[in-house]
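Protein chains: 2
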Amino acid sequence: MRIALLGYGTVGTAFHRLVNEKKNLLKEKYGIVPQLVAICDRSGCMVNEEGISYETAYKAKTESGRVCSEGSVMRPMDVIRGLSLDLMVETTTANFKTGEPSLSHIFESMKRGIHVITTNKAPLALHMPALLEEASLNGVEFLYSGTVGGGTPFISFGDKVLRGNSLKGIKGILNGTTNYMLSRVIDSGLQMSEALSEAQRLGIAEADPTLDLNGFDSAAKLVILMNHLLNKRVTISDIKISGIKEDLPKYAGDQTVKLIASSFPEPKVSMEVVKRGSPMDVGGTYNVLEFSVEELDKIYVTGRGAGGQETAASIIRDIVELKEKLMQKSYQI
Amino acid sequence: MRIALLGYGTVGTAFHRLVNEKKNLLKEKYGIVPQLVAICDRSGCMVNEEGISYETAYKAKTESGRVCSEGSVMRPMDVIRGLSLDLMVETTTANFKTGEPSLSHIFESMKRGIHVITTNKAPLALHMPALLEEASLNGVEFLYSGTVGGGTPFISFGDKVLRGNSLKGIKGILNGTTNYMLSRVIDSGLQMSEALSEAQRLGIAEADPTLDLNGFDSAAKLVILMNHLLNKRVTISDIKISGIKEDLPKYAGDQTVKLIASSFPEPKVSMEVVKRGSPMDVGGTYNVLEFSVEELDKIYVTGRGAGGQETAASIIRDIVELKEKLMQKSYQI
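From first to last, the protein sequence lines are chains A and B.
Per my numbering, residue 31 is the first one in the first sequence, and the count goes up by one each step.
Per my numbering, residue 31 is the first one in the second sequence, and the count goes up by one each step.
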């Protein structure tokens with residue numbers, strides 16, 4: 031399996047290390063022989079048709095901060111257009127204004143019949159219906175389990191466990207940073223700004239937490255879950271979004287406040303009052319998703335959001351799933 | 031698919047009605063044509079090689095309280111030994127002393143190459159390792175998803191979502207009745223006996239709640255989950271069991287008490303102190319299972335326990351899974 035890896039930051043390097051570690055397992059258990067023939071970061075691309083070793087790429091990255099030598103002129107688009115690839119793995123940074131450069135990488139790969147795995151929420155939040163259609167038109171697989179709950183398999187739960195049941199709606203806490211902050215404000219009486227500083231000090235919140243606080247991160251995940259699990263062809267502009275504010279909604283002693291993303295009655299992200307002791311009352315950095323299933327009452331899946339390691343592991347799982355999908359297809363022919 | 035249904039109480043009748051309702055779906059979507067050629071209850075058996083309609087059996091049961099006419103002498107064992115069957119569905123009542131008559135029904139069916147689906151926890155709690163071995167020896171499928179969390183797919187989550195990850199241990203609240211009672215005692219200051227009366231009045235607790243209160247129901251489910259998900263060949267005699275008592279363990283203001291079943295450090299069921307707002311703090315009749323996964327931190331699945339309807343629906347899901355397993359086998363040959 032000839033792979034181009036675009037983006038070589040925390041997730042990209044963790045994926046490269048992991049795929050290297052799991053080489054034998056992937057080959058013996060699933061018949062997958064992954065070969066990274068190109069790795070690109072902002073500086074350009076490292077290319078080796080025989081496969082790039084983790085040591086080589088990691089050494090270049092840590093020593094010079096870039097994967098390619100200074101003279102390199104190859105760009106990601108050249109790699110997608112010029113090399114013979116089976117799979118493009120996208121781990122670039124989210125840009126919620128344009129979705130670029132990820133969006134172009136993905137479209138171009140699909141047009142050329144290259145399967146795509148992405149961990150970048152932005153292109154999906156902005157254009158998921160178009161991306162799903164493009165994948166289907168070109169007969170390529172498009173996998174993105176790392177974009178939502180990489181540490182907690184919401185998508186896989188819906189796909190594999192609820193298959194055959196009718197899923198009516200979803201609702202949940204999809205952002206660990208804001209959940210941590212709200213817990214600290216409500217349970218320990220901190221100011222919102224104090225809770226943010228604390229979360230940053232603990233490595234829970236990023237240096238720029240804007241997309242967490244304003245609800246965009248939750249909304250992006252809601253878009254992905256609604257498209258994937260409910261077949262609702264929505265984008266982030268269809269979601270009514272408000273984030274967390276000092277000014278909390280009124281709540282009683284047996285209640286608390288959570289930032290909830292829900293698909294019904296209208297798709298939205300906002301602070302809501304939740305009963306203490308209910309499955310939606312999870313504190314700390316936990317995420318939770320409620321599945322309203324026709325035949326089964328409500329079911330909840332709870333776990334932590336993903337760091338770089340878990341997101342990298344989700345790419346490996348997607349590669350295994352890609353292989354299985356391709357084998358099923360070849361049986362059907 | 032020629033089926034004998036043993037047990038025609040709440041679950042058995044609900045299953046018969048459901049399989050009748052879903053007839054077309056099962057045929058068109060999965061290629062399954064279920065035919066109930068025998069139905070047995072305590073009174074004896076109704077047999078029809080052409081298939082017994084729901085109307086006929088339900089009419090007999092509601093009018094006379096039994097499925098067979100008074101002169102009938104056929105017993106379940108005669109059905110298992112005498113008819114040509116593909117599948118035996120066991121929905122008889124749990125007997126935690128001997129596991130009978132369910133245990134003999136299951137062993138005899140397996141010996142004769144008949145696949146088995148059971149919703150009865152008792153034979154599994156007492157002899158699951160032996161039953162798994164017998165199924166394997168005779169090359170038959172043995173499915174029991176209705177015995178644990180029929181309303182909340184713990185087994186299916188472990189099987190299908192965590193596949194490929196290393197599951198290290200499980201821990202959870204597996205009994206809705208006692209969870210409801212503990213919530214009422216702790217949050218509303220009821221006496222244990224008052225909480226029980228209330229639960230019985232609301233139809234949450236059964237008339238004889240002994241197996242819920244003494245922890246045996248939770249322990250039986252723990253045995254099934256440990257055998258199935260962790261490959262630990264334990265029976266209920268390996269579990270250290272204590273139920274709920276007036277005399278609660280000491281807990282602080284930000285804590286509560288739950289009846290917890292856990293596979294580690296030793297398999298046991300007992301009241302434990304749990305932090306408020308943690309995923310294990312679910313109130314009411316909710317069940318929850320914590321999966322400790324090597325690669326993924328902890329993941330929780332939460333939902334309600336099963337009534338007759340959900341248990342009947344779990345048999346349908348098991349039938350679909352049986353069909354898929356048989357098709358996979360035929361591919362492998």
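The hints are simulated quantities; they were obtained by calculation from the structure and are not laboratory data.
Just so you know, not all the hints are guaranteed correct.
[Stated by the list, open to error] Residues of chain A placed beyond 12 Å of chain B at every Cβ, according to the derived structure:
no.: 1; residue: M31
no.: 2; residue: A90
no.: 3; residue: V103
no.: 4; residue: G112
no.: 5; residue: E171
no.: 6; residue: T182
no.: 7; residue: K190
no.: 8; residue: G199
no.: 9; residue: N261
no.: 10; residue: D284
no.: 11; residue: T286
no.: 12; residue: K305
no.: 13; residue: P309
no.: 14; residue: T332
no.: 15; residue: R334
[To be verified] Below, in silico cross-link-like pairs of lysine-lysine (DSBU-like), each with a Cα-Cα straight-line distance of 30 Å or less:
no.: 16; chain 1: B; residue 1: K57; chain 2: B; residue 2: K141
no.: 17; chain 1: B; residue 1: K298; chain 2: A; residue 2: K328
no.: 18; chain 1: B; residue 1: K89; chain 2: A; residue 2: K328
[What the hints assert, rightly or not] Simulated restraints, written as ranges between beta carbons of each label pair:
no.: 19; chain 1: A; residue 1: G95; chain 2: B; residue 2: D268; range: 52 to 62 Å
no.: 20; chain 1: B; residue 1: Q358; chain 2: A; residue 2: F294; range: 49 to 59 Å
no.: 21; chain 1: A; residue 1: L167; chain 2: B; residue 2: G169; range: 43 to 53 Å
Model, not experiment: these values are computed from the prediction.
Backbone N, C-alpha and C define an ideal beta-carbon position, used for all residues, glycine too.
How the hints compare with the structure:
no.: 1; hint: M31; result: holds, 17 Å
no.: 2; hint: A90; result: holds, 28 Å
no.: 3; hint: V103; result: holds, 39 Å
no.: 4; hint: G112; result: holds, 34 Å
no.: 5; hint: E171; result: holds, 18 Å
no.: 6; hint: T182; result: violated, 6 Å
no.: 7; hint: K190; result: violated, 4 Å
no.: 8; hint: G199; result: holds, 15 Å
no.: 9; hint: N261; result: holds, 17 Å
no.: 10; hint: D284; result: violated, 8 Å
no.: 11; hint: T286; result: violated, 8 Å
no.: 12; hint: K305; result: violated, 8 Å
no.: 13; hint: P309; result: violated, 4 Å
no.: 14; hint: T332; result: violated, 4 Å
no.: 15; hint: R334; result: violated, 5 Å
no.: 16; hint: B/K57 x B/K141; result: holds, 28 Å
no.: 17; hint: B/K298 x A/K328; result: holds, 28 Å
no.: 18; hint: B/K89 x A/K328; result: violated, 33 Å
no.: 19; hint: A/G95 x B/D268: 52 to 62 Å; result: holds, 56 Å
no.: 20; hint: B/Q358 x A/F294: 49 to 59 Å; result: violated, 37 Å
no.: 21; hint: A/L167 x B/G169: 43 to 53 Å; result: holds, 45 Å
The structure shown violates the earlier hints numbered 6, 7, 10, 11, 12, 13, 14, 15, 18 and 20.
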